[in-house]
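Student: Chains as they are written, first to last, in the working numbering: chain D, 1 to 499; chain A, 1001 to 1163.
Don't read these hints as lab results, they were simulated from the structure.
Quick caveat, the model's predicted, so the values are computed rather than measured.
Note that beta-carbon positions come from the ideal geometry of N, C-alpha and C, so glycine has one too.
Keep in mind that a hint or two might mislead.
What the hints assert, rightly or not - Taking lysine-lysine and the DSS-like style, the derived pairs with C-alpha atoms no more than 30 Å apart in a straight line are: (1) A:Lys1133 x D:Lys470; (2) A:Lys1030 x A:Lys1062; (3) A:Lys1105 x D:Lys172; (4) A:Lys1127 x D:Lys65; (5) D:Lys64 x A:Lys1127; (6) D:Lys4 x D:Lys323; (7) A:Lys1127 x D:Lys200; (8) D:Lys448 x D:Lys485; (9) D:Lys97 x D:Lys65; (10) A:Lys1062 x A:Lys1006; (11) A:Lys1059 x D:Lys353; (12) D:Lys353 x A:Lys1037; (13) D:Lys400 x A:Lys1037; (14) A:Lys1133 x D:Lys448; (15) A:Lys1141 x A:Lys1108; (16) D:Lys172 x D:Lys448; (17) D:Lys172 x A:Lys1108; (18) D:Lys172 x A:Lys1133; (19) D:Lys200 x D:Lys345; (20) A:Lys1133 x D:Lys345; (21) A:Lys1037 x A:Lys1062; (22) A:Lys1059 x D:Lys470; (23) D:Lys448 x A:Lys1061; (24) D:Lys470 x A:Lys1029; (25) A:Lys1105 x A:Lys1141; (26) A:Lys1058 x A:Lys1020; (27) D:Lys325 x D:Lys249; (28) D:Lys309 x D:Lys263.
As the list claims (entries may be wrong) - One side only, chain D facing chain A, incomplete, derived with CB under 10 Å: (29) Glu47; (30) Ser178; (31) Glu186; (32) Lys323; (33) His326; (34) Ser328; (35) Pro351; (36) Glu355; (37) Arg415; (38) Leu447; (39) Gly451; (40) Ile454.
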Amino acid sequence: MFNKILIANRGEIAVRIIRACRELGVKTVAVYSDADRRSLHVAMADEAYHIGPPAPGESYLVIKKIIDVAKHSGAEAVHPGYGFLSEKEAFADACEKEGIVFIGPSPEAIRLMGDKITARKIAQGAKVPLVPGSEGAVTDVEAVGIAKKIGYPVMIKASAGGGGKGMRLVRKQDEFESSLRMARSEARSAFGDDSVYVEKFIEQSRHVEIQVIGDSHGNVLHLFERECSIQRRHQKVIEESPSPAIRDKMRKKMGEVAVRIAKAVSYRGAGTIEFIMDQKENFYFLEMNTRIQVEHPVTEMITGFDIVKWMIRIAAGEKLLLKQKHISMKGHALECRVYAEDPEKNFLPSPGKLEYVRSPSGPGVRDDSSIYSGYEVTSFYDPMLSKLIVWADTREEAIKKMDSVLREYIVLGVRTNIGFLRRVMGNDEFIRGEIDTGFIERHPELLKSNGNGIELALIAAALAIRNSTKEEVETATQAKVSNWKLFARKLAVSGKIAI
Amino acid sequence: MIYTFKFQDQIYRINLEDGKQTEVEIDGKKFPVCFQKIDERFYSILIDGESIGVGILKKGKKVEVFLNGELYEFESISERERQSTSAIISGVQQIKSPMPSRVVKILKNVDEAVNEGEGVIVIEAMKMESELKSPINGRVKEVKVKEGSAVESGSVLIVISSE
Chain D
1 MFNKILIANR GEIAVRIIRA CRELGVKTVA VYSDADRRSL HVAMADEAYH IGPPAPGESY
61 LVIKKIIDVA KHSGAEAVHP GYGFLSEKEA FADACEKEGI VFIGPSPEAI RLMGDKITAR
121 KIAQGAKVPL VPGSEGAVTD VEAVGIAKKI GYPVMIKASA GGGGKGMRLV RKQDEFESSL
181 RMARSEARSA FGDDSVYVEK FIEQSRHVEI QVIGDSHGNV LHLFERECSI QRRHQKVIEE
241 SPSPAIRDKM RKKMGEVAVR IAKAVSYRGA GTIEFIMDQK ENFYFLEMNT RIQVEHPVTE
301 MITGFDIVKW MIRIAAGEKL LLKQKHISMK GHALECRVYA EDPEKNFLPS PGKLEYVRSP
361 SGPGVRDDSS IYSGYEVTSF YDPMLSKLIV WADTREEAIK KMDSVLREYI VLGVRTNIGF
421 LRRVMGNDEF IRGEIDTGFI ERHPELLKSN GNGIELALIA AALAIRNSTK EEVETATQAK
481 VSNWKLFARK LAVSGKIAI
Chain A
1001 MIYTFKFQDQ IYRINLEDGK QTEVEIDGKK FPVCFQKIDE RFYSILIDGE SIGVGILKKG
1061 KKVEVFLNGE LYEFESISER ERQSTSAIIS GVQQIKSPMP SRVVKILKNV DEAVNEGEGV
1121 IVIEAMKMES ELKSPINGRV KEVKVKEGSA VESGSVLIVI SSE
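Produce the entire structure from the sequences given, and follow the hints as far as they go.
Tutor: Following this line, the structure appears as structure tokens:
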């Protein structure tokens, strides 16, 4: 096992990795930008080093800076988390050259799967069905032609993409040109590469993915599926496992297919094979993410398999102890991503200072977050505040539990999607498991509060105003008392001295 | 005492009476209320035995109440203000940046006609692009920003006047 690991990330995933390292008895090194001096991952790590200005392009994405810190601190391995450098072949390559272990797949596997076109070819070779679309990156003229050929609606996707960035759904030809421009422009600023490809858009599709994990001894396991169909702006908001739409036979088949794809690139570490599923239970290969996934906790909850710890063990050369037949699932897990955003304004991010945070807890509840009262949500990074995960015996109970813990959450200072998430938990279609990637678009009524609590909220507001006026009066009266007396009284109240 | 609040452009009034015990008036009936601070911004409120736990943030006239997963943003207004408030609807609309962002593309230039719901400017924040739309039919009167410029939350980007 390693003595020391550098975590080339920030936010909740950096905290998650630090926790895994501690459990394994490994020292941790954090890196931080100017905007993150007060972030939790810095306070929790054993060592922390400043790597530059807030813009990721000048800090978290600069390979040389990360490598320098690793060398300076004596870290033997680097965990990239998700986003940032996690799927950059050049980073995995640079680590290898410097004799630092990259906790993840080989640079080769990242390259093969990172290029969506090559990934499609590999999937084809492993006899996995594919969505009709362009063979590769296309010029503007080719794109229009292909869209016409496969028929609208189509999806424009960034070749270097991920996380919904540089992605546009086009329903009609006259929207194609402007969507193509926006997709390219977004792809350029997010990935520094504006090449895109075009795919048939499958109506009412579900997004189902299989978690895989491989070691460097040729073993690959799958840890069942996650359903991530509840999305906004092509980004997942609610994930669960198992999927309410998948039966045992199909689960087995998808798992085998996923393992086949992973084995085709001698996959090492944790990875996710994403599929799109139509209403007739046909599934098509979408892409492979060669990193830890945001929604990995739901899989951990139903399998009891600690994915992050095993990523580290595998990178250290350890062999997977379990065989596929030993992996089983129990109960149902749900994850809600709590964002600082405004559902009423098309889920626009709502940066600002968190004036107050009160997080829920209880049996079967996991809150993967890195926020606290006073934390500043900046516009430099993703506005995710927390991942709230619950586990229960059945899906029905998990939904009720999620609703209950969302109700406990309090965040003041920014707008959040907590109310929206609760409304989804109460939606009949969601409860019946009748979900697809168009769910949120189909339910605009969920974006807005029904205003049921307005009367109680008003009473609270009036009481707060009344109380603050009273406090002001009291403070004004107290000002005549000697400050020394006040000081002594404060100490007495806090229990520091006895009068 | 009557407390007046604005919530989503609606005026709400609520009566709290201070006696031996504070009472709140709901539908003409009075109920005892008890307000207890738990920590910095978390309060326990008992209304005739009904218990709620709420987060409250008071910033000047703004009162944010977080209750059962929902955020209520109230503006406290005095009686005098309430009487003098009369909405002046002008034919001039300002397109403001809803958050700190960067201008990606200006879609309409000065003197160009725009329809209600038509995009006038594209901004980018947190790597996501959004198109801001005109709320009225009219003509662009002023473009206050350039492509590529960084803007603060609430800055006026484009001014549109109805014809």
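Student: All hints are to be evaluated individually against the structure, with a verdict given for each.
Tutor: Consistency of the hints with the structure:
About 45 Å separates the Cα atoms of Lys1133 (chain A) and Lys470 (chain D), which puts this hinted pair outside 30 Å; it is violated. Restraint check for Lys1030 (chain A) and Lys1062 (chain A): satisfied, since their Cα atoms lie roughly 26 Å apart, inside the 30 Å limit. For the hint pairing Lys1105 (chain A) with Lys172 (chain D), the CA-to-CA distance comes to about 22 Å; that is within 30 Å, so the pair holds. Restraint check for Lys1127 (chain A) and Lys65 (chain D): satisfied, since their Cα atoms lie roughly 23 Å apart, inside the 30 Å limit.
With a CA separation close to 23 Å, the supplied pair Lys64 (chain D) and Lys1127 (chain A) stays within the 30 Å bound. For a cut-off of 30 Å, the pair hint linking Lys4 (chain D) to Lys323 (chain D) stands: about 29 Å separates their Cα positions. Between Lys1127 (chain A) and Lys200 (chain D), the direct Cα distance comes to roughly 25 Å. Compliance with the 30 Å bound is thereby established for this hinted pair. For a cut-off of 30 Å, the pair hint linking Lys448 (chain D) to Lys485 (chain D) is broken: about 51 Å separates their Cα positions.
Between Lys97 (chain D) and Lys65 (chain D) the alpha-carbon distance is near 15 Å, which keeps this suggested pair within the 30 Å criterion. About 10 Å separates the Cα atoms of Lys1062 (chain A) and Lys1006 (chain A), which keeps this hinted pair within 30 Å; it holds. Distance restraint check for Lys1059 (chain A) and Lys353 (chain D): the Cα-Cα separation of roughly 13 Å lies within the 30 Å cut-off, and the hinted pair is therefore satisfied. Distance restraint check for Lys353 (chain D) and Lys1037 (chain A): the Cα-Cα separation of roughly 22 Å lies within the 30 Å cut-off, and the hinted pair is therefore satisfied.
Note on Lys400 (chain D) and Lys1037 (chain A): the hinted pairing holds, with a Cα-Cα distance of about 29 Å set against a maximum of 30 Å. The straight-line distance between the Cα atoms of Lys1133 (chain A) and Lys448 (chain D) is roughly 20 Å, inside the 30 Å bound, and the hint therefore holds. In summary, the hint linking Lys1141 (chain A) to Lys1108 (chain A) is supported, as the alpha carbons are separated by about 10 Å, within the 30 Å threshold. For the suggested pair Lys172 (chain D) and Lys448 (chain D), the alpha carbons sit about 29 Å apart, so the restraint of at most 30 Å is met.
Annotation: proposed proximity of Lys172 (chain D) to Lys1108 (chain A) holds, straight-line Cα distance about 23 Å (limit 30 Å). For the suggested pair Lys172 (chain D) and Lys1133 (chain A), the alpha carbons sit about 20 Å apart, so the restraint of at most 30 Å is met. Between Lys200 (chain D) and Lys345 (chain D) the alpha-carbon distance is near 29 Å, which keeps this suggested pair within the 30 Å criterion. With a CA separation close to 12 Å, the supplied pair Lys1133 (chain A) and Lys345 (chain D) stays within the 30 Å bound.
Only pairs whose Cα atoms come within 30 Å are accepted, and Lys1037 (chain A) paired with Lys1062 (chain A) is accepted, the gap being roughly 19 Å. At most 30 Å may separate the alpha-carbon atoms for a hinted pair to count; Lys1059 (chain A) and Lys470 (chain D) meet this at roughly 16 Å. Annotation: proposed proximity of Lys448 (chain D) to Lys1061 (chain A) holds, straight-line Cα distance about 24 Å (limit 30 Å). For the hint pairing Lys470 (chain D) with Lys1029 (chain A), the CA-to-CA distance comes to about 25 Å; that is within 30 Å, so the pair holds.
Restraint check for Lys1105 (chain A) and Lys1141 (chain A): satisfied, since their Cα atoms lie roughly 17 Å apart, inside the 30 Å limit. For the given pair, Lys1058 (chain A) sits about 26 Å from Lys1020 (chain A) by alpha-carbon distance, which is consistent with the 30 Å threshold. The suggested pairing of Lys325 (chain D) with Lys249 (chain D) holds, with an alpha-carbon distance near 15 Å, which does not exceed 30 Å. Between Lys309 (chain D) and Lys263 (chain D), the direct Cα distance comes to roughly 21 Å. Compliance with the 30 Å bound is thereby established for this hinted pair.
For Glu47 (chain D), the shortest C-beta to C-beta distance to chain A is roughly 29 Å, which exceeds 10 Å, and the interface hint is violated. Interface hint status for Ser178 (chain D): upheld, as the beta-carbon distance to the closest one in chain A is roughly 9 Å, under 10 Å. For Glu186 (chain D), the shortest C-beta to C-beta distance to chain A is roughly 5 Å, which falls under 10 Å, so the interface hint holds. Because the closest C-beta pair between Lys323 (chain D) and chain A is about 41 Å apart, greater than 10 Å, the hint is violated.
With 10 Å as the threshold, the beta carbon of His326 (chain D) stays out of range of chain A, its nearest partner Cβ sitting at about 39 Å, so the hint is violated. Taken as an interface hint, Ser328 (chain D) does not check out: its beta carbon lies about 34 Å from the nearest beta carbon of chain A, beyond 10 Å. The criterion of a C-beta within 10 Å of any C-beta in chain A is met by Pro351 (chain D), whose closest approach is roughly 6 Å, and the hint holds. The closest approach between the C-beta of Glu355 (chain D) and any C-beta of chain A is roughly 5 Å, which is under the 10 Å cut-off, so the hint is satisfied.
Interface restraint check for Arg415 (chain D): the shortest CB-CB distance to chain A comes to about 6 Å, inside 10 Å, so the restraint holds. The restraint placing Leu447 (chain D) at the interface with chain A is violated, with a minimum CB-CB distance near 13 Å, outside the 10 Å limit. Contact between Gly451 (chain D) and chain A, as hinted, is supported at the beta carbon level, the nearest pair being about 8 Å apart and thus within 10 Å. A distance limit of 10 Å between C-beta atoms decides the matter here; for Ile454 (chain D) the minimum to chain A is near 7 Å, and the interface restraint holds.
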